[in-house]
Structures are given as structure tokens and as C-alpha cells.
Amino acid sequence: MGGLNSLRILQLHSDYIEYLPVQKEVSAAEETEKTARRIEEVVVLFTAVEEEDNEVVATRAIKEIENFLEKLKVNRILIYPYAHLSNNLAKPAVALKVIRRMEEAAKTAGMETFRAPFGWNKKFTISIKGHPLAEQSRTVLADVENEEEKVSEALQAEAKLESSWYIIQPDGSVVPVEKFDFTEHKDLERLAKYEISKTRASQEKPPHIKLMQRLELVDYEPGSDPGNLRWYPKGRLVKSLIEQLVTDTMVNYGAMEVETPVMYDLNHPSLSDYLDRFPARQYIIKSEDKDLFLRFAACFGQFLMLHDTQLSYRQLPLRVYELTRYSFRREKSGEIAGLRRQRAFTMPDCHALCADLRQTKREFITRFKLCSEVLDSLGLEKKDYELAIRFAEDFYNKNRNFVISLVRLFGKPALMEMFEEKAFYWVLKWEFNFIDNQEKASALSTDQIDVENAYRYDITYTDETGQKQHPLILHCSPSGGIERCVYAMLEKSYRDQKEGGVPFLPLWLSPTQVRVIPVSDKFTKDAENIVEEIRRHEIRVDLDDRSLTLQKKVREAERDWVIYVIVIGQKEIDSGFLPVRDRVARKIKKMKLRELVDKILKEVEDKPFKPLPLPQKLSQRPQFYG
RNA sequence: GCCUCGGUGGCCUAGCCCGGUAGGGCAUCACCUUGGUAAGGUGGUGGUCGCGGGUUCAAAUCCCGCCCGAGGCUCCA
Numbered sequence: 040m041g042g043l044n045s046l047r048i049l050q051l052h053s054d055y056i057e058y059l060p061v062q063k064e065v066s067a068a069e070e071t072e073k074t075a076r077r078i079e080e081v082v083v084l085f086t087a088v089e090e091e092d093n094e095v096v097a098t099r100a101i102k103e104i105e106n107f108l109e110k111l112k113v114n115r116i117l118i119y120p121y122a123h124l125s126n127n128l129a130k131p132a133v134a135l136k137v138i139r140r141m142e143e144a145a146k147t148a149g150m151e152t153f154r155a156p157f158g159w160n161k162k163f164t165i166s167i168k169g170h171p172l173a174e175q176s177r178t179v180l181a182d183v184e185n186e187e188e189k190v191s192e193a194l195q196a197e198a199k200l201e202s203s204w205y206i207i208q209p210d211g212s213v214v215p216v217e218k219f220d221f222t223e224h225k226d227l228e229r230l231a232k233y234e235i236s237k238t239r240a241s242q243e244k245p246p247h248i249k250l251m252q253r254l255e256l257v258d259y260e261p262g263s264d265p266g267n268l269r270w271y272p273k274g275r276l277v278k279s280l281i282e283q284l285v286t287d288t289m290v291n292y293g294a295m296e297v298e299t300p301v302m303y304d305l306n307h308p309s310l311s312d313y314l315d316r317f318p319a320r321q322y323i324i325k326s327e328d329k330d331l332f333l334r335f336a337a338c339f340g341q342f343l344m345l346h347d348t349q350l351s352y353r354q355l356p357l358r359v360y361e362l363t364r365y366s367f368r369r370e371k372s373g374e375i376a377g378l379r380r381q382r383a384f385t386m387p388d389c390h391a392l393c394a395d396l397r398q399t400k401r402e403f404i405t406r407f408k409l410c411s412e413v414l415d416s417l418g419l420e421k422k423d424y425e426l427a428i429r430f431a432e433d434f435y436n437k438n439r440n441f442v443i444s445l446v447r448l449f450g451k452p453a454l455m456e457m458f459e460e461k462a463f464y465w466v467l468k469w470e471f472n473f474i475d476n477q478e479k480a481s482a483l484s485t486d487q488i489d490v491e492n493a494y495r496y497d498i499t500y501t502d503e504t505g506q507k508q509h510p511l512i513l514h515c516s517p518s519g520g521i522e523r524c525v526y527a528m529l530e531k532s533y534r535d536q537k538e539g540g541v542p543f544l545p546l547w548l549s550p551t552q553v554r555v556i557p558v559s560d561k562f563t564k565d566a567e568n569i570v571e572e573i574r575r576h577e578i579r580v581d582l583d584d585r586s587l588t589l590q591k592k593v594r595e596a597e598r599d600w601v602i603y604v605i606v607i608g609q610k611e612i613d614s615g616f617l618p619v620r621d622r623v624a625r626k627i628k629k630m631k632l633r634e635l636v637d638k639i640l641k642e643v644e645d646k647p648f649k650p651l652p653l654p655q656k657l658s659q660r661p662q663f664y665g
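In this note's numbering, the protein residues as written are 40 to 665.
If you are wondering where the hints come from, they were derived from the structure by calculation, not from laboratory data. All figures in this text were calculated on a predicted structure; none of them were measured in a lab. Just to be clear, a hint being listed does not mean it is correct.
Said to hold, decoys possible - Quick list of in silico lysine to aspartate or glutamate cross-link-like pairs, EDC-like style, CA-CA up to 20 Å: (1) LYS244 <-> ASP258; (2) LYS629 <-> ASP565; (3) LYS232 <-> GLU79; (4) LYS461 <-> ASP423; (5) LYS421 <-> GLU228; (6) LYS325 <-> ASP565; (7) LYS232 <-> GLU217; (8) LYS73 <-> GLU57; (9) LYS649 <-> GLU571; (10) LYS161 <-> GLU69.
Whenever a hint applies, use it, and build me the whole structure from the sequences.
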């Protein structure tokens, strides 16, 4: 029964690999020079030879790999002896023989074949490509009878543990997902389906894409890489106001705003560890003497900063905040979609260092509340998003009441994922998920308890007794990506409209809050005076001075989602009352200018303000789209 | 990366199956119109039909190759 033993190969389609033999590890090691080697556009085969392998297996392995290379349209391989793939290794002499046989077979098959020396401890750097076939692990069995090929997602699968899915209710009761009655919780059902079975209901284009273009908020930029967007003035205003709101919220909460670099040395020792877990996702920049990667979160910069910080337990919890413009993730081409997912995106990222679990829990609750406040400001209420909460079973058993208290705060049943063991660097994590018109779920706010990175980055504080301690680290994005917030607002508006409602952005985010329309050219001057009076109160007001019909101008104001529209003619000048067309209430109400101003100021109270991002007169505005 | 669909003035789109000198709408420009709450009228400017090759007397249309985009798959600590 030799069937269980085999040749194990981790096959990685790589942009490049660099390796440097450091020292001999076994006596059977081959002779080689201690010089660095770099190979580009290559399929790297990390190979371990197990106990009962014979040389037939080598030929068979190469045959399988040959098929694969055809699919990848690559013809260059590097055979890289890598013992760590197995705990049942063959003797070095046998292994070397098998490896040499592989090399020979590959050359015979016409592959451009490289091989790293056997028996050496080697330092290496690898950049793996981002497509699904890039990472494969294969096991070639020694037993000829057993021809099954096992192909699996190598890196992820190793870390992925069994998890089970439940619905947890505010009263603390827990039901397996399949037993829960979703009648009253359709979006939660969609989230569960999306997370567990990954089914899709719809095949159409996400509606927010058309809206983001038509409203001249934001658009694709063909001159860049996919997933890098251009923001028109109105969109820039909306985005910038949301950024401001999130930042204000975090600063009020006590966070210290910092700024850190967008790119980091690929070979920095503290980072390489972390990076190893996300090998395929970076933009790589070549500088004169080093390779840099663009950050995909604010963690690096903040952790490197905190590593160098002198911290006492008296200063905990310590909150550090950064708005990353941008974070970069080189998502696979097919994964990018409008404002749902980009390759360059803006993400607020707030870390809190806590001394112990007790402090952590208190902090976690505070942040949980802040997150729903932020979403509420965007016009996203509890009914508009769903909570997912994930943890290791062990953590849950010890902290059950804490988990339930979060669900109670949320006030609705939540999706719960329980892992048999701690699978990641966090022990507890939650997200607010928005479900869009295609029934796809996207995470907005999120927070997690990280128990590893303080060690990885050696971040410490001094406790009461003068000892260095590693804190717990909370990672929170209070809003999620800002782009994604806009996506959620637009998708929600579309849904509202489909259900017979009026689509609009919250008043404090509306690029135009009030539009004044003179009934004819004769009243432009009077209209201007009114505009100026409104503007003085920090209200974004504009003037449609184009020589179009009144109907047409009203129509366009509606299409621009302007919430308050005022028409100015002789009657208004005589009476002093303004006919205010309220988009949301869908009626025209007569009021004094002061009344309107007060009403608006009250509605946008406490929210950030920025002035009109375009010329005040519509006749002076270019058309950015269409 | 794979699959599917697509690429025609700034935007939307007809024409493609069945080859015969590219049509409409919006926007833009000019003129008329100066209005009372969701599209006033007339006229004009603007296109080597994504790129390259092939078939043909003739290609937006048929064939081959490539590029770009979108969606799906997959992925999403």
C-alpha cells in the first residue's frame, strides 16, 4: 500500500522569484554557488518527495504539469526542492534522484527548465500572479493504480478551517441557518445565501454604475488601471464630505489622526511575514534599488509607527486613525465593479490598542455604536444592512455574553460564523453588510480583535510592574471604503425608486441643496439676490440662469436630485414668499426665506459643510459626462 | 485567468443575420421663443463605425488575429 505516499508539489505561477542559497542543510546537498538568482514569468514548483516515491512518479508529475502550462501559456518552470510540504520525507538521496528525474523529463518535454539546488537552506522572494490557476497544489501518487489527481487551492485551503453557520438573535438564542425562519428577514437570508452558497439571483449590471455616471459623481478612467476611478466635482464633494464626517467622528471618539506612506519595502523584515499571507494582491513598484508594494490597508504604517512608540498602560486604550487615500488591492480583473470594488480605494482605518480583554470589550462596544451612527448619517438605517459576526468556537464559549450584547445592540438577528479553531489573526470579527439590487453582499463597517500582530510587529506597552506587554489590537473601519458607502447610497436610492419612492442623497451630501430658477431672464437679477442671501448661511445654492423653459429647468433639477427648488417671478418679489418645491415630500410649500434657511440648517446640523463645487450659475458649468 | 456579451460623433442607440457611399435621440452651437413647476420651435457643427489583416468590384456588415470595456465565474485576512 504505497498509495498514500507521493510527490507533493505546490505550483505557483509567478511574476518572478529570487532565491539565494545560504547554507547546506544536509550532507547530500548539491554543490552550488552562493549567488542570488532571479527568474521571471515562471511557474515555480515547490516540491517535496515523500517516502515511497519512485522515479516513475517524476515523469507522471511532469506530464500533469505540462498540461497545466499549456493552459497558462507558460513554458518556463523552476523546480524548487522544498521539504516543508511533507512530514513524511524520503531519504535525501532518493529525493534528489526523483528531482533530477523531473528535471530531465521536463527538459525532454521541451520546457525551459530551471532548478534550485537541493539540500540548501535558501532565502527567497516570490511574486505570485493573481489568477485562480496561479496557485495549485498537486499530489502525485506513487501507486500507479491510483491515478486520481488532487488539485486544490494551496495557500488558502491550508488555513481554511471548518466553519458552521448560525443565526444569532438579540435574546441570545442561536439557530442553525437552515432552521431559521427568514420570512421577516429577507436581506439576512440574502446575506446568508451569499456567504454560504454564493448563489446569484441577477445577471444585470449593478444600477449604481449608471447613476454614478449620470449624476456626474464618478466614472471609470480608461487611462488608468481598471478599478481606479475619476471623481467629478460633485462626486468629489460627496466623497470628501463623507471622509470629513468619518474623520470628525473618529477624532471626537478620541482617535489621533496620522498619515503614513502608501508604499513599503517588499523586503522589510516585519512586513514580509504579513505579506506572505496575501501574495497575489499587490501593486509592485520598482524603484532604483528596491521593490516596493502599495499598501492595501493602513495597518503597516500604523504598526511600524506604534512599534517605535513608548507606551504606558496608563495611556491605553490608544486610538490611532488614518484615512487611507488610497489603499490598493490588485484585484483580479473580473472582480472589479463600479463603486462596489476597486483596485484603489479610500478606507478609514482605526486601530485601538487595549491592555486586556476587559478593556477590549468596552472599546469594542463603543466602536460598534459609532459605526452605526456613521452609517445612519449616510441615510443607511438598521433596516438597510445586516450584521455578520465571526469567531472561533473557543472564544465564543468563554465570551458568550459579550457576543450576545453586540447582537442585542444591533437589535436584529445576525449571521454567525463559528470556526472550530482560531484560523486567522483575529478571534472575533463583525461586519455590517449591505445587500444590493443584485442580492450581492458587501461589507461596510467592520471591527475585529487581533491577537497576533502586536507580536508580529513587536508592539509593546509597559504595565504597572514595569514589564513590557503586548496589547490586543482592534482594527476598525467605521464606514468601510468611502467609495462603497456611495455605492450603498446609490443602490438604496435605486431600490427606493423601484418601490415607488423618490431617490435622493441626504441633504448634507447633496451637491446642490437649493436651486433657484428665475421664471424668465427678467428675474435673474432678483434671483441672484436670493441666492446670495441663502449662500451666506453656508448652504449650497445655485442658480439656473440658462434660457430654457421653466418646465425644462424644473425637470433637470429633479433629475439632478436637488431637494429644494425655488422658482422666482413677479409674485415672489411682490409677496416675499417663496414657493419651495420639496423633492422628498413631493409638494410645493410657500415659506419665507428665513424659514427655509432655518429648516435646512436644522436638517444638516452637526454635519460637515463644504461649498458648492461648481460655478454657481448653471450656464457656466461644463458637462462632464454625456 | 476562464466564460459570456459588447466597442458606430461627448452620451444613448439603429444599421450587422441577408455586403452597395452611416440614420435617429440627447448634449453642444446659432436663431426664434421669455415662460409659473418633469422635455417649446427651427437650423447648424461634429463620425477614417476599437485596431490590424483577409475575402470581395465593393466591408460598420463576412472571416482571422489583436486591443479595450462590462458582467458572470472565481476571489474578497
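(request) Could you work out which earlier hints the structure fails to respect and list their numbers in ascending sequence? (result) 3, 4 and 6
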